[in-house]
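Trainee: If you're matching them up, the sequences are chains R and W in order.
Residue 33 in my numbering is what sits at position 33 of the first sequence, and the numbering runs on without skipping anything.
Residue 6 in my numbering is what sits at position 6 of the second sequence, and the numbering runs on without skipping anything.
Mixed in with the good hints there might be a few duds.
As the list claims (entries may be wrong) - Each computed BS3-like pair below joins lysine-lysine, with the alpha-carbon atoms no more than 25 angstroms apart:
1. W:K266 to R:K3
2. W:K99 to W:K57
3. W:K413 to W:K174
4. R:K2 to W:K99
5. W:K60 to W:K176
6. W:K42 to W:K99
7. W:K183 to R:K3
8. W:K605 to R:K3
9. R:K99 to R:K32
10. R:K53 to R:K105
11. W:K266 to R:K2
12. W:K279 to W:K268
13. W:K268 to R:K2
14. W:K374 to W:K362
15. W:K42 to W:K60
16. R:K105 to R:K32
17. W:K154 to W:K374
18. W:K150 to W:K268
19. W:K152 to W:K509
20. R:K2 to W:K374
21. W:K514 to W:K413
22. W:K374 to W:K268
23. W:K605 to W:K512
24. W:K509 to W:K150
25. W:K260 to R:K2
26. R:K3 to W:K366
27. W:K174 to W:K362
28. R:K3 to W:K268
29. W:K57 to W:K279
30. W:K514 to W:K154
Don't read these hints as lab results, they were simulated from the structure.
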Amino acid sequence: MKKNELFAVVLMFLATIGTVIGIFAYEKSRAKGYYTVELTARAPLNGNWYPRKFTVPFGQEVRIRIRNIETVSHGFAMPDFNIEPAINEIKAGEVKEIKFLADKKGTFPFFCTVWCSNEHLHMSGEITVE
Amino acid sequence: MSVYRLPFTVYRKIVVGFLFLSSIFFFLSSPSFAAERFFEVKAKKFSYTPNIIKVNKGDKVSIRLISEDVHHGFFVDGYGVKTSAHPGMEGALSFTADKSGRFSFRCSVTCGSLHPYMIGYLYVSPNNLWVWGVFGVLALGLISWLITSKKKQKDEKLKLFGIIPLEWRFPLTKFKPLRALLKSRWFPFLPIVFNLFIFTIILLAGFIGGLGAGNYNFGVMIVWILWWVLLMMFMVPLIGRFWCMMCPFPLIGDWIQRGKLINVGKQKSWGLGKRWPNKLRNLWPLVILFWVSTWFSGFFTVKPFATFILLGAIILIAIIIALFFEKRTFCLFVCPVSGFQGLYANFSLFGVRSRDPEICKKHVPKTCVVGNEKGYGCPWMELPYEMNRNTYCGLCFECLKTCPYDNMDLVLKPFGQDLFAERRRTDDVYNRRSTDEAYKALTMIGIFLSFFLAFQGPYGHLRDMVTAKTFGLHGYLGYLLESFTIDFLLIPGSLFLFAWLSKLASRSKEVKLKDVFVNFSYCLVPVGIAIWGAFSLGIIFPNGSYLLHIISDPFSWGWNLFGTASIPWTPFFTGLMPYLQVLVTLGGMLFALDFGYKFSQRTYKDIGEAKRGWIPILIYLILIHIFFVRIFVG
Ligand code: SF4
Ligand code: SF4
Ligand SMILES: [Cu+2]
Numbered sequence: 001m002k003k004n005e006l007f008a009v010v011l012m013f014l015a016t017i018g019t020v021i022g023i024f025a026y027e028k029s030r031a032k033g034y035y036t037v038e039l040t041a042r043a044p045l046n047g048n049w050y051p052r053k054f055t056v057p058f059g060q061e062v063r064i065r066i067r068n069i070e071t072v073s074h075g076f077a078m079p080d081f082n083i084e085p086a087i088n089e090i091k092a093g094e095v096k097e098i099k100f101l102a103d104k105k106g107t108f109p110f111f112c113t114v115w116c117s118n119e120h121l122h123m124s125g126e127i128t129v130e
Numbered sequence: 001m002s003v004y005r006l007p008f009t010v011y012r013k014i015v016v017g018f019l020f021l022s023s024i025f026f027f028l029s030s031p032s033f034a035a036e037r038f039f040e041v042k043a044k045k046f047s048y049t050p051n052i053i054k055v056n057k058g059d060k061v062s063i064r065l066i067s068e069d070v071h072h073g074f075f076v077d078g079y080g081v082k083t084s085a086h087p088g089m090e091g092a093l094s095f096t097a098d099k100s101g102r103f104s105f106r107c108s109v110t111c112g113s114l115h116p117y118m119i120g121y122l123y124v125s126p127n128n129l130w131v132w133g134v135f136g137v138l139a140l141g142l143i144s145w146l147i148t149s150k151k152k153q154k155d156e157k158l159k160l161f162g163i164i165p166l167e168w169r170f171p172l173t174k175f176k177p178l179r180a181l182l183k184s185r186w187f188p189f190l191p192i193v194f195n196l197f198i199f200t201i202i203l204l205a206g207f208i209g210g211l212g213a214g215n216y217n218f219g220v221m222i223v224w225i226l227w228w229v230l231l232m233m234f235m236v237p238l239i240g241r242f243w244c245m246m247c248p249f250p251l252i253g254d255w256i257q258r259g260k261l262i263n264v265g266k267q268k269s270w271g272l273g274k275r276w277p278n279k280l281r282n283l284w285p286l287v288i289l290f291w292v293s294t295w296f297s298g299f300f301t302v303k304p305f306a307t308f309i310l311l312g313a314i315i316l317i318a319i320i321i322a323l324f325f326e327k328r329t330f331c332l333f334v335c336p337v338s339g340f341q342g343l344y345a346n347f348s349l350f351g352v353r354s355r356d357p358e359i360c361k362k363h364v365p366k367t368c369v370v371g372n373e374k375g376y377g378c379p380w381m382e383l384p385y386e387m388n389r390n391t392y393c394g395l396c397f398e399c400l401k402t403c404p405y406d407n408m409d410l411v412l413k414p415f416g417q418d419l420f421a422e423r424r425r426t427d428d429v430y431n432r433r434s435t436d437e438a439y440k441a442l443t444m445i446g447i448f449l450s451f452f453l454a455f456q457g458p459y460g461h462l463r464d465m466v467t468a469k470t471f472g473l474h475g476y477l478g479y480l481l482e483s484f485t486i487d488f489l490l491i492p493g494s495l496f497l498f499a500w501l502s503k504l505a506s507r508s509k510e511v512k513l514k515d516v517f518v519n520f521s522y523c524l525v526p527v528g529i530a531i532w533g534a535f536s537l538g539i540i541f542p543n544g545s546y547l548l549h550i551i552s553d554p555f556s557w558g559w560n561l562f563g564t565a566s567i568p569w570t571p572f573f574t575g576l577m578p579y580l581q582v583l584v585t586l587g588g589m590l591f592a593l594d595f596g597y598k599f600s601q602r603t604y605k606d607i608g609e610a611k612r613g614w615i616p617i618l619i620y621l622i623l624i625h626i627f628f629v630r631i632f633v634g
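Let the hints inform the model, and build the full structure from the sequences given.
Mentor: Okay, structure coming up:
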């Protein structure tokens with residue numbers, strides 16, 4: 001009887017706190033071996049790329065997670081690198097991940113590829129590899 | 001029931017009726033010549049201009065799509081063709097309109113929070129389905145009238161469609177494994193824990209998803225597409241409060257009150273265990289609360305964070321109420337989704353009932369009420385031993401556990417039987433048929449109307465109103481006023497009018513108008529279930545495919561748990577959908593007609609009054625069903 005009760009309580013905590021811990025642990029394990037950058041996509045008048053400029057270490061595998069927190073589609077292109085997978089659209093509310101090898105030093109542009117607002121052409125940023 | 005031949009006059013009536021109806025049909029469906037039609041459609045968040053396009057069958061239709069703000073799409077239900085347009089970059093589409101009827105065209109590119117509801121209508125005439133739908137409604141009405149007008153005396157035994165006696169029961173718990181399952185303390189605890197797990201993910205996704213668009217959010221999609229549709233289409237109409245059986249919201253409250261999660265602890269609450277005030281022991285608080293929560297439908301059905309707030313608030317309030325009040329006071333009188341579940345549960349096929357009343361009579365103290373070491377006294381404050389309606393039974397199965405004689409069963413019973421049940425003896429004020437239940441039935445119809453028009457209709461300005469783009473009379477305030485007028489004045493008013501006509505027609509002296517109103521309002525239970533079912537079809541067929549995406553990537557973190565994250569939006573069965581919607585609506589009407597005449601018999605003293613009093617209600621049912629068919633396909 002006592003054992004049943006204990007088991008039930010454990011189950012309840014597993015279903016709640018356990019789930020949350022599990023989710024974050026899984027997310028963490030996916031990030032292993034990569035240099036991760038969080039990038040937020042917004043149309044220029046709403047805040048533009050955030051951060052607009054960032055630095056990644058040379059020779060590293062870099063993972064950029066692009067979070068579109070708006071209600072329109074955006075895109076992402078960085079012509080100087082071979083990004084994987086190629087994406088043409090990041091829909092509203094969606095998050096996409098791209099990976100690339102930072103094998104060139106210097107500063108390179110990245111920009112949005114979807115007509116997201118009248119200011120679309122200003123939606124660009126810079127990545128520095130050093 | 002004795003078989004008797006229909007008299008000749010009846011045949012004549014049927015023939016004349018059908019000739020009349022079919023002449024309307026041919027008149028309306030006269031053929032026309034094919035032509036080339038061209039439309040320029042402007043798309044902006046969240047509507048199209050023109051929002052209604054009319055062509056004839058056989059026309060070659062070309063559409064040029066122009067976007068005025070962001071990337072929008074254009075998908076035609078039933079035809080499955082689509083295009084999309086960026087600002088400054090048009091989309092083009094052409095097809096031959098070879099299927100007739102009304103088709104929604106909808107946005108196929110996520111363009112914002114209300115994107116799944118960005119809709120316009122394409123009419124390809126002749127709209128046969130609409131004509132057939134009306135034909136069906138009239139035919140059902142005619143048949144009902146023919147059958148009822150021939151009655152010579154009141155039915156001795158009420159039978160569903162004249163076939164299945166309403167008191168028919170089949171105890172499912174005859175099957176030993178099922179009884180053992182229901183008597184186990186692990187049931188329904190395990191399903192509850194499973195839902196606790198799902199709702200933990202929903203809350204987390206709602207929190208993380210923030211204010212982004214909801215169609216890639218686990219919380220928004222599971223709650224408003226999967227849960228709502230399952231609830232409205234399967235759980236409530238078939239099994240009653242099946243959801244309440246496995247609902248995780250009251251779990252913490254139960255734990256606090258009992259001091260034990262699954263074992264049997266104290267029967268008396270650890271909380272204050274106060275009694276809910278008598279005045280509020282009815283469905284009124286639920287009618288109002290559910291209506292108030294629909295004010296925010298434009299937010300929490302589309303914004304992840306709003307879903308988080310709503311669910312979080314429900315869970316918190318459930319805990320607080322459990323601390324102050326006894327047992328499941330929250331579920332009985334506060335939970336916003338409890339009201340329609342309770343009322344519509346009366347339609348369901350299943351119920352918990354005691355088998356042999358003699359055993360119950362002799363059993364003191366009644367353990368199903370006070371509890372024993374096997375389980376708790378009914379947490380929903382029912383009197384299980386004499387319960388005859390599902391409204392306030394949460395299917396927690398405690399009474400199956402506490403009954404020492406195995407006298408409680410889970411039974412199968414005819415649809416809608418509980419709608420006729422009257423409490424023989426009421427221990428508690430909430431156990432009776434009254435205006436609160438009538439208003440619950442009526443407001444559910446009104447809420448259906450506002451939801452349908454805003455979320456499945458072609459009216460962009462309504463969507464702007466619901467999402468409070470502007471406040472004021474032409475904005476949000478206008479929406480609230482409109483919903484109040486429809487839900488509390490127009491729809492109840494229309495039933496009231498016909499109830500008054502019914503009383504007038506019956507020439508009854510003694511019957512009270514309020515009783516006529518309340519009794520006939522129960523006709524609207526099957527009607528409400530049917531139209532909400534048809535509404536749900538309009539959600540799940542076009543937008544069900546989002547579910548495949550979000551189970552693989554619940555937090556929009558780029559996960560791909562089941563390999564389905566990249567499945568694009570794929571509407572299915574959109575061609576079949578309107579036919580199903582009409583069928584479901586007609587199905588609801590079939591039950592309403594059958595129940596309606598029975599209500600008439602119980603309202604009025606003799607057969608003459610009952611037959612005369614039934615006519616206005618029959619007309620009312622015909623009218624509202626023509627209206628509903630129009631809403632869905634006309
Ligand atoms: S009434 Fe509400 S909170 Fe209670 S079990 Fe049912 S759905 Fe859950
Ligand atoms: S009657 Fe009460 S104890 Fe029995 S299943 Fe229903 S809610 Fe539970
Ligand atoms: Cu759109």
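Trainee: Does each hint fit the structure? Answer for all of them.
Mentor: Against the structure, the hints:
A distance of roughly 18 angstroms separates the Cα atoms of W:K266 and R:K3; the hinted pair therefore holds under the 25 angstroms criterion. Proposed proximity of W:K99 and W:K57 is supported: the alpha carbons are some 7 angstroms apart, at most 25 angstroms. Annotation: proposed proximity of W:K413 to W:K174 holds, straight-line Cα distance about 14 angstroms (limit 25 angstroms). For the hint pairing R:K2 with W:K99, the CA-to-CA distance comes to about 66 angstroms; that exceeds 25 angstroms, so the pair is violated.
A hinted pair counts as satisfied when its Cα atoms are at most 25 angstroms apart, and W:K60 with W:K176 does not qualify at roughly 63 angstroms. For the suggested pair W:K42 and W:K99, the alpha carbons sit about 24 angstroms apart, so the restraint of at most 25 angstroms is met. For the suggested pair W:K183 and R:K3, the alpha carbons sit about 19 angstroms apart, so the restraint of at most 25 angstroms is met. The straight-line distance between the Cα atoms of W:K605 and R:K3 is roughly 61 angstroms, outside the 25 angstroms bound, and the hint therefore fails.
Pair hint R:K99 plus R:K32 holds up; C-alpha atoms about 13 angstroms apart against a cutoff of 25 angstroms. For a cut-off of 25 angstroms, the pair hint linking R:K53 to R:K105 stands: about 15 angstroms separates their Cα positions. Proximity of W:K266 to R:K2 is assessed by CA-CA distance (about 15 angstroms); at most 25 angstroms being required, the pair is judged to hold. The straight-line distance between the Cα atoms of W:K279 and W:K268 is roughly 24 angstroms, inside the 25 angstroms bound, and the hint therefore holds.
At roughly 20 angstroms between alpha-carbon atoms, W:K268 and R:K2 fall within 25 angstroms of each other, so this suggested pair holds. Between W:K374 and W:K362 the CA atoms are separated by roughly 20 angstroms; this keeps the pair inside 25 angstroms, and the hint holds. Our distance criterion of 25 angstroms between C-alpha atoms is met by W:K42 and W:K60, whose separation comes to about 20 angstroms. Between the alpha carbons of R:K105 and R:K32 the distance comes to roughly 23 angstroms, so the proposed pair stays at or under 25 angstroms and holds.
Proposed proximity of W:K154 and W:K374 is contradicted: the alpha carbons are some 46 angstroms apart, above 25 angstroms. Note on W:K150 and W:K268: the hinted pairing is violated, with a Cα-Cα distance of about 57 angstroms set against a maximum of 25 angstroms. Our distance criterion of 25 angstroms between C-alpha atoms is met by W:K152 and W:K509, whose separation comes to about 21 angstroms. For the hint linking R:K2 to W:K374, the alpha-carbon distance of about 15 angstroms falls within 25 angstroms, and the restraint holds.
Between W:K514 and W:K413 the alpha-carbon distance is near 29 angstroms, which puts this suggested pair outside the 25 angstroms criterion. Restraint check for W:K374 and W:K268: the C-alpha separation of about 15 angstroms stays at or below 25 angstroms, so the hint holds. At roughly 12 angstroms between alpha-carbon atoms, W:K605 and W:K512 fall within 25 angstroms of each other, so this suggested pair holds. For the given pair, W:K509 sits about 24 angstroms from W:K150 by alpha-carbon distance, which is consistent with the 25 angstroms threshold.
Between the alpha carbons of W:K260 and R:K2 the distance comes to roughly 10 angstroms, so the proposed pair stays at or under 25 angstroms and holds. Between R:K3 and W:K366 the CA atoms are separated by roughly 29 angstroms; this puts the pair beyond 25 angstroms, and the hint is violated. With a C-alpha separation of about 23 angstroms, the suggested pair W:K174 and W:K362 falls inside the 25 angstroms cut-off, and the hint holds. With a C-alpha separation of about 23 angstroms, the suggested pairing of R:K3 with W:K268 holds against the 25 angstroms cut-off.
Between the alpha carbons of W:K57 and W:K279 the distance comes to roughly 59 angstroms, so the proposed pair goes past 25 angstroms and is violated. A hinted pair counts as satisfied when its Cα atoms are at most 25 angstroms apart, and W:K514 with W:K154 qualifies at roughly 22 angstroms.
Of the numbered hints given earlier, the model fails hints 4, 5, 8, 17, 18, 21, 26 and 29; all others are met.
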